[in-house]
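Sequence lines, in order, name chains A and B.
To get our numbering, take the position in the first sequence, counting from 1, and add 50.
To get our numbering, take the position in the second sequence, counting from 1, and add 50.
FYI, nobody ran anything at the bench for these hints, they're computed from the structure.
Being a predicted model, the structure only gives us computed values, none of them experimental.
Each hint should be verified, as a subset may be incorrect.
Note that the list lumps identical chains together, so a pair holds whenever it fits in one copy or between two copies.
Unchecked claim - In silico SDA-like links for lysine to any residue, alpha-carbon gap of 25 Å or less:
no., residue 1, residue 2
1, Lys88, Leu150
2, Lys235, Trp225
3, Lys235, Thr224
4, Lys211, Glu327
5, Lys88, Leu53
6, Lys168, Ala300
7, Lys163, Ala197
8, Lys211, Gly328
9, Lys211, Phe96
10, Lys211, Ala72
11, Lys211, Glu298
12, Lys235, Ser319
13, Lys169, Leu326
14, Lys235, Phe267
15, Lys235, Asp201
16, Lys211, Ala84
17, Lys235, Ala248
18, Lys211, Gly97
19, Lys235, Gly149
20, Lys211, Arg94
21, Lys88, Leu218
22, Lys163, Ser95
23, Lys88, Val199
24, Lys211, Ile136
25, Lys88, Ile256
Residues per chain are reported as follows:
Number of protein chains: 2
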Amino acid sequence: RVLFLQGGATLQFSMVPMNFLAGIGSADYILTGAWGEKAAAEARSFGSVRIATSTAEAGYRTVPQIDDIDFDPSARYIHYTSNETIEGIEFSNDLDAHGLPVVCDASSNILSKPIDIKKYSLIYAGAQKNIGPSGVTVVIISDEMLARVPDGLPSLLDYRKIAENGSLLNTPNTWGIYIIDLVCKWLADAGGLEAIQARNIMKARILYDAIDRSDGFYSGHADRNARSLMNVTFRLPTPDLERQFCTEAASAGMVGLAGHRSVGGIRASIYNAFPLEGAECLAAFMDEFSSR
Amino acid sequence: RVLFLQGGATLQFSMVPMNFLAGIGSADYILTGAWGEKAAAEARSFGSVRIATSTAEAGYRTVPQIDDIDFDPSARYIHYTSNETIEGIEFSNDLDAHGLPVVCDASSNILSKPIDIKKYSLIYAGAQKNIGPSGVTVVIISDEMLARVPDGLPSLLDYRKIAENGSLLNTPNTWGIYIIDLVCKWLADAGGLEAIQARNIMKARILYDAIDRSDGFYSGHADRNARSLMNVTFRLPTPDLERQFCTEAASAGMVGLAGHRSVGGIRASIYNAFPLEGAECLAAFMDEFSSR
């Protein structure tokens with residue numbers, strides 16, 4: 051079932067435990083960056099949250115090996131963030147939690163590639179990266195999870211009531227949903243998820259190659275096997291050079307390259323809508339800047 | 051403080067008691083129609099709800115005399131719905147609750163006329179009637195109420211956290227807020243709230259006059275002193291005639307006149323954006339239809 055909600059992915063940080071954790075058992079959270087941390091923090095108001103694994107100590111540069119994670123076999127669900135926008139960390143495969151229900155915050159890489167939907171019990175995603183405008187949250191939820199929603203929740207925070215009313219329990223964000231329809235048609239016309247994945251891989255490779263051939267002038271934040279196709283994060287030798295890089299890039303028409311204020315550095319966000327030519331343009335600028 | 055939220059007025063039905071009633075005391079609800087009923091029903095999940103007065107037995111045709119209401123002097127807040135869209139019932143004045151905090155669902159008549167903002171502790175309104183597009187909820191809240199918000203609420207449901215973060219706790223509905231800015235400019239250019247109120251009174255009078263001169267062919271739902279300036283509701287002698295009325299009106303370019311499915315009849319919604327000429331056109335059609 052696909053639901054159209056409001057309130058952003060951040061509201062889902064609370065709705066997921068409110069619907070599936072309140073008062074009963076414990077949930078396992080996998081932390082690979084700032085968004086997973088926030089999701090776990092919000093969940094703690096509703097019940098027992100266990101950090102199944104976290105890559106925080108290593109500076110959120112990698113994704114855990116799934117075989118190394120000791121899941122709680124009675125966990126109500128496993129929560130993870132498939133792409134961390136701030137650190138530029140992405141799981142390259144669907145998470146397999148040995149039959150435990152998987153809840154995934156896919157806000158920043160949904161529709162960027164094909165996924166095996168059967169491996170997920172609940173996917174949520176704020177629309178504003180790859181789906182459409184801000185103000186809509188898409189939730190994909192299995193019938194098994196819907197059946198587990200307890201009675202007595204506030205109506206607008208109750209997945210089952212929203213599903214039963216076809217996302218029309220109250221007036222939805224009509225314009226946002228209309229734009230989502232147009233984006234889905236654009237995606238289908240462009241060849242669908244396989245085609246967009248191929249283009250996303252190409253865009254990311256162009257930028258990571260520019261990092262890798264810079265003789266260490268640019269240093270990527272993510273370990274190679276955890277590199278995000280959506281957010282390419284890297285540092286320059288000094289913060290001064292990073293500021294100069296952003297200023298000169300802006301003069302050349304490339305804006306929004308400063309990393310998130312919590313980590314600094316450079317971040318190139320290259321969601322579905324970002325063109326291949328943009329990645330080529332930035333890579334050429336990176337080569338030219340580092341050679342100077 | 052003005053906050054921009056998502057989730058619609060229906061989510062506020064839960065947020066208000068979650069922030070101001072949870073576990074402590076009781077709140078007084080005034081019921082003058084279907085929306086007030088829903089608000090009270092959602093509030094019951096969070097605490098003690100007392101119906102201070104209800105006009106349900108008389109078929110939601112009127113507004114209570116404030117002097118006749120026995121407010122609970124220790125009520126955490128008084129909740130009322132300033133305009134009921136389904137029944138077409140509107141309070142003509144700001145509610146004076148003898149110093150108790152007044153919480154008002156003004157979704158369907160906000161910005162339709164000047165109000166005395168100091169008489170309200172919290173006003174909430176889904177944007178889609180007079181403010182802008184669906185997908186944004188405007189909340190106007192006093193500092194005294196913000197100070198009463200308890201700790202530990204889910205962040206996106208916590209008025210104080212939202213206020214502290216300037217409504218940017220997460221990505222808001224950016225397009226919706228942009229349109230609200232344009233609507234406010236349009237309203238200011240049109241002469242502001244006094245001017246729009248004068249026009250709204252004129253539009254409503256044109257339609258209520260058509261009802262009143264029809265010798266009972268059209269019967270208004272609301273008592274005269276409770277007639278809404280936003281939603282003009284009336285019946286014809288039979289449901290068959292009501293269907294014929296809607297069909298012929300639609301042929302003449304006037305659509306959306308069927309009353310809400312829960313009450314039937316005819317409803318002409320004439321929010322700020324509805325032109326004076328539309329009211330004149332409908333009144334002329336009403337005269338012509340009844341004479342036939």
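Against the structure, the hints:
1. For the identical chains of this complex, Lys88 and Leu150 are intra-copy neighbours only, at 22 Å inside a copy versus 37 Å across copies, given an alpha-carbon limit of 25 Å.
2. For the identical chains of this complex, Lys235 and Trp225 are neighbours both inside a copy (16 Å) and across copies (21 Å), given an alpha-carbon limit of 25 Å.
3. When the C-alpha separation of Lys235 and Thr224 is checked against a cutoff of 25 Å, the pair qualifies both within a copy, at 17 Å, and between copies, at 23 Å.
4. In this assembly of identical chains, the alpha carbons of Lys211 and Glu327 never lie at most 25 Å apart, being 45 Å within a copy and 41 Å across copies at closest.
5. In this assembly of identical chains, Lys88 and Leu53 lie within 25 Å of each other by CA distance both inside one copy and across copies; the values are 23 Å within and 22 Å between.
6. When the C-alpha separation of Lys168 and Ala300 is checked against a cutoff of 25 Å, the pair qualifies neither within a copy, at 43 Å, nor between copies, at 47 Å.
7. In the homo-oligomer, the alpha carbons of Lys163 and Ala197 never lie at most 25 Å apart, since the shortest distance is 29 Å inside one protomer and 46 Å across protomers.
8. Proximity of Lys211 and Gly328 under a CA criterion of 25 Å is satisfied in neither setting, with 43 Å inside one chain copy and 37 Å between copies.
9. Taking the shortest alpha-carbon separations for Lys211 and Phe96, both the intra-copy value of 20 Å and the inter-copy value of 18 Å come in at or below 25 Å.
10. Taking the shortest Cα distances, Lys211 and Ala72 sit within 25 Å of each other both inside one copy (17 Å) and across copies (22 Å).
11. Taking the shortest Cα distances, Lys211 and Glu298 never come within 25 Å of each other, neither inside one copy (51 Å) nor across copies (37 Å).
12. In this assembly of identical chains, the alpha carbons of Lys235 and Ser319 lie at most 25 Å apart only when taken from the same copy (23 Å versus 34 Å across copies).
13. When the C-alpha separation of Lys169 and Leu326 is checked against a cutoff of 25 Å, the pair qualifies neither within a copy, at 31 Å, nor between copies, at 56 Å.
14. Taking CA atoms no more than 25 Å apart as the test, Lys235 paired with Phe267 passes in neither setting, with 41 Å inside one copy and 50 Å between copies.
15. Taking the shortest alpha-carbon separations for Lys235 and Asp201, neither the intra-copy value of 37 Å nor the inter-copy value of 44 Å comes in at or below 25 Å.
16. Taking identical chains as interchangeable, the C-alpha atoms of Lys211 and Ala84 lie at most 25 Å apart only when they sit on different chains, with a minimum of 19 Å there against 31 Å within one chain.
17. Taking CA atoms no more than 25 Å apart as the test, Lys235 paired with Ala248 passes inside one copy only; the shortest distance there is 18 Å, against 45 Å between copies.
18. Taking the shortest Cα distances, Lys211 and Gly97 sit within 25 Å of each other both inside one copy (22 Å) and across copies (21 Å).
19. In the homo-oligomer, the alpha carbons of Lys235 and Gly149 never lie at most 25 Å apart, since the shortest distance is 34 Å inside one protomer and 55 Å across protomers.
20. Taking identical chains as interchangeable, the C-alpha atoms of Lys211 and Arg94 lie at most 25 Å apart whether they share a chain (24 Å) or sit on different chains (17 Å).
21. In this homomeric assembly, Lys88 and Leu218 come within 25 Å of each other (Cα to Cα) only across copies, at 15 Å, whereas the closest approach inside a single copy is 29 Å.
22. Proximity of Lys163 and Ser95 under a CA criterion of 25 Å is satisfied in neither setting, with 33 Å inside one chain copy and 41 Å between copies.
23. Taking identical chains as interchangeable, the C-alpha atoms of Lys88 and Val199 lie at most 25 Å apart whether they share a chain (23 Å) or sit on different chains (21 Å).
24. Within a single copy, Lys211 and Ile136 get their C-alpha atoms only as close as 34 Å, which misses the 25 Å cut-off; across copies the closest is 22 Å, which meets it.
25. In this homomeric assembly, Lys88 and Ile256 never come within 25 Å of each other (Cα to Cα): the closest approach is 31 Å inside a single copy and 55 Å across copies.
Hints 4, 6, 7, 8, 11, 13, 14, 15, 19, 22, 25 from the list above are not met by this structure, while the remaining hints are.
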